[in-house]
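J.: For reference, the chains in residue letters:
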Amino acid sequence: MRAFVPGIHPRSEALVQATRDLDRGRTTSAAVAEQRELDFAAFVAAQEGAGLDLLSDGMLGWQDLFRPLVEAARGLDARPLTRFLETNTFYRAVLVEGEPRLDMPLPPPLLPAGRWLATLPSPLAFARAAGNAVSAQALAANVLAPQIEAYARAGCALVVLSDPFLAREGGVRELRAALAELPGGVPLALQLPFGDAASALPECAELPVDAVGVDFYATSLDAVPPGFPKEIIAGVIDSRSSALEDPAEIGTFALELAGRTAGGVSLAPNGDLQFVPEPIARRKLAVLGLAKASLEAAA
Amino acid sequence: MSGVHFVTREIGSLAKPSWRVKAFAGRPIEESDLAEAERWGKRLAVNAFERLLALLRGGELGPAELAEVDDWAVRYALALLERAGLDVVYDGEQRRTEMYDHVARHARGFEPRGTVRAFDNKYYSKAAVVEPPRIDAPYDVDEFRFVAAATDRAVKVPLTGAYTMVDWSFDEHYAGAGRLGASSEHRYEARQRFVADVAERVILPDVRGLVEAGAGWIQIDEPAAATKPHEVPLVVEGFNASVRGVAAKKSMHICFSDYRALWPAALALEDCFELQLEFANRDSRALGTRDEDRPGYAETLRLFRDHGYPNVGLGVLDIHSDYVEPPELVRDRILYAADVLGGVERIQVNPDCGLRTRSWDVVYEKLASMVAGVRLAEAVLDRAHAGREPA
Chain A
1 MRAFVPGIHP
11 RSEALVQATR
21 DLDRGRTTSA
31 AVAEQRELDF
41 AAFVAAQEGA
51 GLDLLSDGML
61 GWQDLFRPLV
71 EAARGLDARP
81 LTRFLETNTF
91 YRAVLVEGEP
101 RLDMPLPPPL
111 LPAGRWLATL
121 PSPLAFARAA
131 GNAVSAQALA
141 ANVLAPQIEA
151 YARAGCALVV
161 LSDPFLAREG
171 GVRELRAALA
181 ELPGGVPLAL
191 QLPFGDAASA
201 LPECAELPVD
211 AVGVDFYATS
221 LDAVPPGFPK
231 EIIAGVIDSR
241 SSALEDPAEI
251 GTFALELAGR
261 TAGGVSLAPN
271 GDLQFVPEPI
281 ARRKLAVLGL
291 AKASLEAAA
Chain B
1001 MSGVHFVTRE
1011 IGSLAKPSWR
1021 VKAFAGRPIE
1031 ESDLAEAERW
1041 GKRLAVNAFE
1051 RLLALLRGGE
1061 LGPAELAEVD
1071 DWAVRYALAL
1081 LERAGLDVVY
1091 DGEQRRTEMY
1101 DHVARHARGF
1111 EPRGTVRAFD
1121 NKYYSKAAVV
1131 EPPRIDAPYD
1141 VDEFRFVAAA
1151 TDRAVKVPLT
1161 GAYTMVDWSF
1171 DEHYAGAGRL
1181 GASSEHRYEA
1191 RQRFVADVAE
1201 RVILPDVRGL
1211 VEAGAGWIQI
1221 DEPAAATKPH
1231 EVPLVVEGFN
1241 ASVRGVAAKK
1251 SMHICFSDYR
1261 ALWPAALALE
1271 DCFELQLEFA
1281 NRDSRALGTR
1291 DEDRPGYAET
1301 LRLFRDHGYP
1311 NVGLGVLDIH
1321 SDYVEPPELV
1331 RDRILYAADV
1341 LGGVERIQVN
1351 PDCGLRTRSW
1361 DVVYEKLASM
1371 VAGVRLAEAV
1381 LDRAHAGREP
1391 A
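Residue numbers (the working numbering), protein chains in the order written: chain A, 1 to 299; chain B, 1001 to 1391.
Please keep in mind that the hints were generated in silico from the structure rather than gathered at the bench. Glycine included, every Cβ here is placed at the ideal spot set by N, Cα and C. One or more of the hints may lead you astray.
Which chain B residues face chain A? A few, computed with CB under 10 Å, are given here [to be verified]:
1) Phe1024
2) Asp1167
3) Gly1296
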């Protein structure tokens, strides 16, 4: 049973202070970049220490799920501040000012080839963030596909497509058409963070992805169709709670879930860990590792 | 004199002056800070501001001197809002750390947990509730009394609402064990108990203290109100429990949310004078009073119109941009609202939200422009009412 941590990781207090100082003209971008590298190294070490199977870079330079892609792509801009789901965190909605196209993909993280995962917005989430001013299919073909190809060339082992809207608003058919535009060189997972996936799950079984991520703090175990054919990335760490999970409870839950699915189970948080302070995220990451270890020991 | 008059107000926070920040952080006050204090003292005609300069130049600042610095920050903030021309003011929350932290640190039952990002390089402190929260005594009364004594304008006291305190807190008490795979009813019931306790044991005692001290207008800030649409009834329960039986004008401020979720639950708000909402953030900067000119206003204003309750505090300034909305743009936003609502009686005017992320220079320009735009709108409406031209 694999375990990993997709999404945006919280910044350390040192990086928080550095970015605050940058905004106030008290430090330099180079100093912030240096602190970000330290955060990156610490996060990678924490993942390795917890025995996670795939490493993430924590997206420490990403302001939100869309921004770096928006800034790198032609035809897109970011402006209106928009609440991210049910949180007190905001993203800048995507403005479409021309035909979107990503000519220069974002650089891959410095992680060992074959052992790292990347997180990107799902094409449907991207289109929703743009107020549907451009189709998910166009964003998949012209922005996400070149980025995924670049990641695949750099040894990415899994691309997690995060879709915070699908469980709430539907749109599986539109998503299916968009996913068809994506390259096949790297496994794809669709993650449905912070939402009850009950109504979406049956249709997700038919999507051209290798795994589906489910928030089990908002979704009942009973909502997983018996014999679900794809791998379930079980959101068993609650990224919106400071309370630490019990590895034994996670283990029991994971085994029960595994008994309902045909595609296997992996363990992950139910969304970006950036919604808890960094010290808590670090402890939750360790709990994830303990849960995985206890399952392996039991096996 | 104008026949139509829109009351102009701020919403809450202003940035703290550098001299106030450095004084409380124990950092040296530099010449540039003194220059800022002097520049704004002169620009705003702050009475006896030279005493602040002397205080800041006086060397080490102990608790008594820091309290004086705080008082000066309030006088400056009030002067900024007054000189910009607002009808209703407060102190820019100069004495408060931040809207959430201010309550959490005054109430028992919350423990700090660290920093979470709001957006870009902006963050907020977040606490966890570890036992039923309560306060020992009202904590904003002295702040209010100082403001009331320092201004001749009407005063509106902003207070963080019960639901937002709940939504922005981690829950290490009410949710309990067994959350993994738990039912939605279990989660809702835990939230309901948490909201009720904050409203009745934290907010209401503070409100009662303020009103006994003479506060005539309580603004409950609920920026989290619509973030979980199925929990909007809890927002309403929290508001009602926080101000129940209080003899003062009561209103609610909400921002950066999907306002469609507020109705019909908002109809159960008890004696809520108005909802002050953010609109400008999502609007076009083009002039005009047609639906297509005002995409940030159309849908929400129709909700106000269709439901008929409560009134609207119309946000006309984007608080996350240094762009200074021209008076003509403010005018058109107001005229559009008057058109959709079929009159001016339900409209008052304010920024989208607190302006603490903007510099004082930008804030002053924005607010002054807002007031100028309000006067333009009033003139247009007066002429229309006189039958000389359509509004």
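J.: Does each hint fit the structure? Answer for all of them.
T.: Going down the list of hints, with the structure as the test:
Against a cut-off of 10 Å between C-beta atoms, the interface hint on Phe1024/B is violated, since the closest Cβ of chain A lies about 15 Å away. Annotation: interface hint on Asp1167/B holds; nearest CB of chain A at approximately 7 Å, less than 10 Å. With its C-beta approaching chain A no nearer than about 9 Å, Gly1296/B sits inside the 10 Å limit, and its interface hint holds.
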